[in-house]
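Q: What follows is each chain in one-letter form.
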Amino acid sequence: MSPRRTSAGGRIDRTRSIRFTFDGVSYSGHAGDTLASALLANGVSLFGRSFKYHRPRGVLAAGIDEPNALVTIVKGEEREPNIPATMLEIYDGLATVSQNRFPSLAFDVGAINALGGRALAAGFYYKTFMGPVIGPLKGTRFWMFCEHFIRRAAGLGRAGTAFDTSRYERMNAFCDVLVVGAGPAGLSAAKAAAQTGARVMLADLDAVMGGSANWSSETIDGTPAASWAAETVASLAACDNVRLLPRTTVWGYYDDNTLGALERVTDHKAAIRKGEPRHRHWAIRAGKVILATGAFERPLVFPDNDRPGVLLASAAQRYVNEFGVLPGEKIAVFTNCDSAYGAAEALHAAGARIMAIVDVRTSASEDARRIAASVGGEHLLGHAVVETEGGKTVTGIKVQPFDPVAKRLSGHARHLDADCLIVSGGWSPVVHLASQAGAIPKWDETLQAFLPAEPSQPWVGAGAFNGHYDTATAIAEGAAAGGATTDEDSLPAIGNAAPASPPAAVFEIRASGKSFVDYQHDVTAEDVRLAHREGFISVEHLKRYTTLGMATDQGKTSNVPGLAIMADATGRTIPETGTTRFRPPFTPVSIGSLAAERFGEIRPERLTPMHDWHVAQGATMFAAGLWYRPQIYGKPGENIEQAYVREARATRTDAGIVDVSTLGKIAVQGPDAAELLDRVYTNLFSTLPVNKARYGLMLREEGIAFDDGTTWRLGENDFLMTTTTANAGKVMQHLEYYLDVVWPELKVQVTSVSDQWAGAAIGGPKARQILAACVTGTAVDDDALPFMGIVHGEIAGAPVMICRLSFSGEMAFEVYCGAGHGLHVWEALIEAGKPFGLVPYGLEALGTLRIEKGHVTGAEIDGRTTARDLHLSWMLSKKKPYIGSQMIEREGLVSPNRIQLVGVVSLDNRPLNGGSHIVERLDVQNPHDSIGHVSSVCYAPALGKYIGLALVKGGKARHGTRAFVSDPLRNRFGPIEIVSHHFFDPEGKRMHG
Amino acid sequence: MVEMLSPLAPVWRPGPHGDLSAGIGVVMSETQPGSIVQLAAWPGETAGMLAAIDGHTGLSLPDIPGGGVSTETKAAFGFAPGKFLVVDEAEGLAESLSEAIPASLGTVTDLSHGRTALRLAGPKAEWVLAKFFAVDFSLPVFPVGKAVSTGHHDIFALIQRTAPDAFDLYIYRSYARAFWTALGHACEEVGYEVR
Amino acid sequence: MLITCPYCGPRDVSEYSYQGDANRRRPDPASTDQAAWNAYVYDRVNTAGDHKEYWQHSAGCRVHLAVTRNTLTHKISSVAIARDVVVAERKEAAQ
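Those protein sequence lines, which keep their order, are chains A, B and C.
For what it's worth, the working numbering labels the leading residue of the first sequence as 1, then goes sequentially.
For what it's worth, the working numbering labels the leading residue of the second sequence as 1, then goes sequentially.
For what it's worth, the working numbering labels the leading residue of the third sequence as 1, then goes sequentially.
Don't take every hint at face value.
[Claimed, not checked] With a straight-line cut-off of 30 Å between C-alpha atoms, the simulated BS3-like cross-links for lysine-lysine are:
#1 C:Lys-52 / A:Lys-288
#2 A:Lys-834 / A:Lys-989
#3 A:Lys-330 / A:Lys-407
#4 A:Lys-635 / B:Lys-74
#5 C:Lys-52 / A:Lys-747
#6 C:Lys-91 / A:Lys-879
#7 A:Lys-730 / A:Lys-878
#8 A:Lys-442 / C:Lys-75
#9 A:Lys-880 / A:Lys-730
#10 C:Lys-75 / A:Lys-288
#11 A:Lys-75 / A:Lys-392
[What the hints assert, rightly or not] To be clear about the criterion: a stretch of chain B counts as covered by chain A if any three or more of its residues have a C-beta under 8 Å from a C-beta of chain A, and this derived list gives those stretches:
#12 15–23
#13 64–78
#14 128–139
#15 168–175
Since the hints were derived computationally from the structure, they do not count as laboratory data.
No experiment lies behind these values; they were computed from the predicted model shown.
From the three backbone atoms N, C-alpha and C, an ideal C-beta is built for every residue, glycine too.
Assemble the whole structure, with the sequences as input and the hints as a guide.
A: Here you go:
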């Protein structure tokens with residue numbers, strides 16, 4: 001017989017049918033079904049193939065702990081693998097496929113692995129594939145040969161390669177009380193906390209809050225537990241101070257009561273509303289956390305315990321009570337504790353036959369005996385199941401007398417009929433979050449379980465999380481945790497209370513056959529013992545050697561049984577053997593939810609005020625950090641080199657204009673502003689007159705060059721510092737650090753004004769004429785605006801500041817105006833420049849012009865070079881100390897063998913590559929003995945050659961000598977001449993006019 | 001005077017957007033004040049600076065972290081120890097404050113062009129802001145007038161609550177378009193109107 | 001990890017920039033004691049336990065904070081505005 005839907009009962013909506021597919025077959029389920037319950041209702045018991053051995057697997061659990069029934073959701077080209085069918089709510093049009101099978105689930109070629117079981121035992125990979133290469137097919141090389149086949153045969157679902165079109169979001173949340181888990185304990189806690197007026201968040205990973213109340217057979221205050229839960233949820237939903245988060249898994253517990261949670265917002269919907277994210281990542285900061293995360297039931301370990309039709313007793317109870325699905329008609333029960341009797345009772349009530357209750361204990365509680373009598377079937381105390389029979393589903397079991405103390409079988413095995421075996425090996429409180437938060441779980445001998453230890457952060461536990469499995473205690477503890485003043489009388493009365501007694505200390509029935517501990521990773525009890533025999537006895541080694549507890553379920557059903565078997569093998573107790581410290585995440589988390597709104601556009605774009613003009617003029621935009629800058633303004637048919645050569649040449653012939661708004665700009669204000677600048681720059685600024693600018697160099701404390709730029713004195717106590725685009729933030733932080741913690745006595749205020757000012761640099765023989773044509777309110781001739789002078793005026797009605805300074809080596813000016821006027825002023829300059837042949841130029845031409853002049857930038861001020869290396873020692877003042885001044889004379893920084901800035905000229909008339917090594921002797925086969933590297937390159941129209949700047953050992957002494965570039969990665973080798981970095985107009989006649 | 005151009009022009013799409021099934025959750029706008037000015041008091045001069053702000057603008061700020069007030073045409077708030085942002089619909093505030101505030105009290109820095117002022121108003125304003133900033137925006141903790149300095153990845157923001165359901169955000173101009181776009185994206189699920 | 005900025009309140013560590021060991025003292029700018037400069041630039045105490053360090057609230061008020069953080073547990077036992085701490089220390093040293 002196969003599983004089926006009951007004619008009545010369950011909390012599904014039988015009036016609503018939903019169509020979905022599994023492996024291409026169309027099925028129908030009801031609203032409220034998971035994929036697992038709907039497939040079971042359709043008689044499907046085979047859900048997938050196991051990881052290594054390709055054994056047929058069914059569904060073991062009913063919730064997040066499911067290790068077997070993982071499916072892949074298919075949406076067009078997109079695939080999402082490894083989704084537990086037990087957590088997947090069905091919707092119209094849902095398409096799923098099973099995993100790890102070829103060519104089909106029912107007939108799987110890989111099942112042959114099951115026959116050669118020994119070969120794939122624990123440590124298989126290590127033993128077979130690691131170690132020295134001896135012969136053609138051994139060790140690592142053998143792995144490389146086999147990897148493709150093994151990856152195909154062993155594994156979970158296959159990830160899709162299509163672009164994920166879903167949207168993900170992040171939400172920051174704050175609350176006084178976060179309740180994790182909405183079972184009876186959690187609901188009770190949330191209710192009590194809400195009544196205190198606290199801001200409460202209640203998160204539960206299921207779609208319908210209620211936890212065990214949704215499937216227990218109990219009544220609470222006379223109403224069915226599920227109704228009590230629904231009423232409590234409704235009353236919480238009506239509170240303004242409560243946020244309910246169903247379908248939300250709290251997966252990480254971090255320092256300072258910060259928790260991460262994943263809300264599955266639309267995974268259960270056939271149609272998504274506009275703007276709705278698929279997942280929402282909640283970053284929750286809670287005053288107090290109430291952990292009401294419940295407990296997972298453990299399976300027992302015995303031969304063929306993985307056959308479809310074997311499932312956890314609580315899962316069976318949940319399927320029948322919550323989903324109206326009977327997992328079988330003839331049910332056998334195998335247990336070491338009382339809770340399975342409750343499941344048997346529920347299944348019996350729904351119409352199943354209980355064939356036998358096999359209990360390892362030699363005596364049972366009164367509750368257990370009563371239930372066993374009422375459900376009928378054999379009650380076999382002191383017995384164990386030693387085998388399941390059948391093919392792709394259970395057809396029977398074999399039972400045998402068992403001594404739970406000696407853990408030994410006796411007598412003979414006999415057959416019992418059954419089409420379903422429900423199993424309980426006791427319960428493990430879900431202590432994962434507490435463990436993440438730093439509390440090491442403690443073993444409780446009575447409950448045979450790890451319990452949460454003393455809180456290391458502000459959390460309190462309630463209910464089954466504490467090992468208190470009865471509903472009355474759960475509700476009472478929840479209320480107390482939530483802040484209620486406990487009044488025994490006000491707590492609800494539990495009717496038909498589920499039997500709860502501690503389990504016997506039995507985890508495994510040793511008999512011949514494969515007994516699975518970790519279903520998901522196909523780790524057997526024998527694998528654990530093998531690990532022990534080979535010396536991997538610490539739990540961490542056990543995990544790595546056998547892969548027990550790895551993969552997507554992280555051993556939710558297998559950790560404790562695995563530990564118990566290892567403890568047994570080593571003759572130690574379970575607490576002596578240890579436990580794994582749980583790490584986030586509790587369940588798999590979509591990467592998209594972590595990227596959230598940064599999905600697609602990874603980083604924000606920073607745009608200058610003239611950005612749209614550049615784009616409209618056909619500029620190719622280039623990302624410089626977060627900024628976008630024109631690389632070239634290409635004309636039709638031009639390549640990059642042709643474009644920048646044209647732009648650079650026009651600038652030297654007539655005039656060019658470039659957007660320099662991206663430069664870092666810092667307002668340095670206050671009576672000690674000049675003093676600060678004297679301390680941070682290597683040269684003097686206190687002597688700079690108002691309305692003059694000076695080029696400055698900053699070092700780091702250890703004497704290495706840090707940044708350069710011009711600083712303008714706008715008033716006695718008012719400077720405008722400019723930095724390189726890349727270092728704007730670092731320089732700002734540098735100044736703030738010294739003002740806060742080194743020189744608090746200085747009265748200086750620094751403010752980032754990078755975005756306040758738009759800047760345009762206009763240079764070339766006709767630049768001054770262009771300014772003269774458009775600037776009003778000031779003269780721009782040599783008297784009014786000498787080199788490094790500053791004037792204030794207007795362009796087209798907008799106030800501007802103009803400084804005559806040059807990066808290009810031409811007569812040049814930087815025009816600054818308010819950013820909101822930037823486009824206006826820029827367009828006015830372009831218009832005024834038309835009669836003079838003004839061209840806009842981009843980063844490539846900017847680089848070309850400065851390389852021709854030998855000016856350094858970030859490629860040379862690279863965090864390794866000193867002022868001397870860059871021939872800037874003329875900027876090192878001897879009159880005052882400054883940051884780095886006491887360190888620059890150190891031996892290693894003044895060595896003549898240091899790399900120094902030089903110019904290099906390509907002698908084979910081919911472009912040079914930035915980053916190429918420079919060598920004295922060319923050896924293409926075996927490049928060696930680098931004497932430096934090329935830092936910046938261009939074609940120099942002023943020289944008609946391919947040139948570059950380079951940093952070369954003892955550089956200056958090599959002027960006039962020949963060397964080679966050696967760039968094996970890009971296969972560029974060739975002769976160069978080392979020359980002075982002042983390629984063009986070394987006297988600076990053009991700039992001074 | 002030449003008009004200050006908005007950095008949002010190419011992405012400015014007035015009207016309703018997103019999921020409007022539950023109405024308009026948020027109204028997004030750019031307030032385009034004429035003046036945005038930073039005042040920084042020297043250590044020990046905060047009280048004097050507050051008095052100067054009051055004297056010059058009529059805005060009386062509480063001397064508490066993030067303390068601020070806003071009116072129809074003006075706003076001011078503290079955003080760091082001794083530091084204040086003063087905003088005025090009219091241009092020219094930097095010049096007049098420079099005259100009013102002696103160098104002995106602190107500095108005046110004009111940021112009128114450097115910051116873009118955005119307004120987020122409506123029942124879902126808190127919800128949308130919480131997507132970007134790890135700050136508790138709930139009214140009891142973040143009352144009307146209060147301001148915070150915070151950031152969203154690379155984007156720095158000063159945020160002042162100007163009404164129970166309205167916030168003004170001051171963003172570096174160069175980031176404004178990227179942030180505005182992201183804001184619109186985040187508002188889609190609650191329905192929004194650009195006004 | 002949260003750091004409670006005296007001005008802005010508790011904020012996530014991602015709003016802050018680590019600005020180094022707060023135990024070091026910069027030599028007098030004119031000092032030519034190379035050993036002292038080397039120690040200032042390169043030597044760090046690397047405490048296992050309570051450690052004084054600077055954090056800048058870089059995505060907030062931008063103030064540098066003097067933080068005492070336990071390097072083993074991340075527990076922060078004190079936070080103050082660094083400038084105030086430095087000024088007070090100097091005042092004390094001068095007396």
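Q: It remains to establish, for every hint, whether it holds in the given structure.
A: Evaluated hints:
| no. | hint | result |
| --- | --- | --- |
| 1 | C:Lys-52 / A:Lys-288 | holds, 28 Å |
| 2 | A:Lys-834 / A:Lys-989 | holds, 25 Å |
| 3 | A:Lys-330 / A:Lys-407 | holds, 28 Å |
| 4 | A:Lys-635 / B:Lys-74 | violated, 48 Å |
| 5 | C:Lys-52 / A:Lys-747 | holds, 26 Å |
| 6 | C:Lys-91 / A:Lys-879 | holds, 29 Å |
| 7 | A:Lys-730 / A:Lys-878 | holds, 26 Å |
| 8 | A:Lys-442 / C:Lys-75 | holds, 24 Å |
| 9 | A:Lys-880 / A:Lys-730 | holds, 24 Å |
| 10 | C:Lys-75 / A:Lys-288 | holds, 17 Å |
| 11 | A:Lys-75 / A:Lys-392 | holds, 29 Å |
| 12 | 15–23 | holds (count 3) |
| 13 | 64–78 | violated (count 0) |
| 14 | 128–139 | holds (count 8) |
| 15 | 168–175 | holds (count 4) |
The structure is inconsistent with the numbered hints 4 and 13, although it conforms to all the rest.
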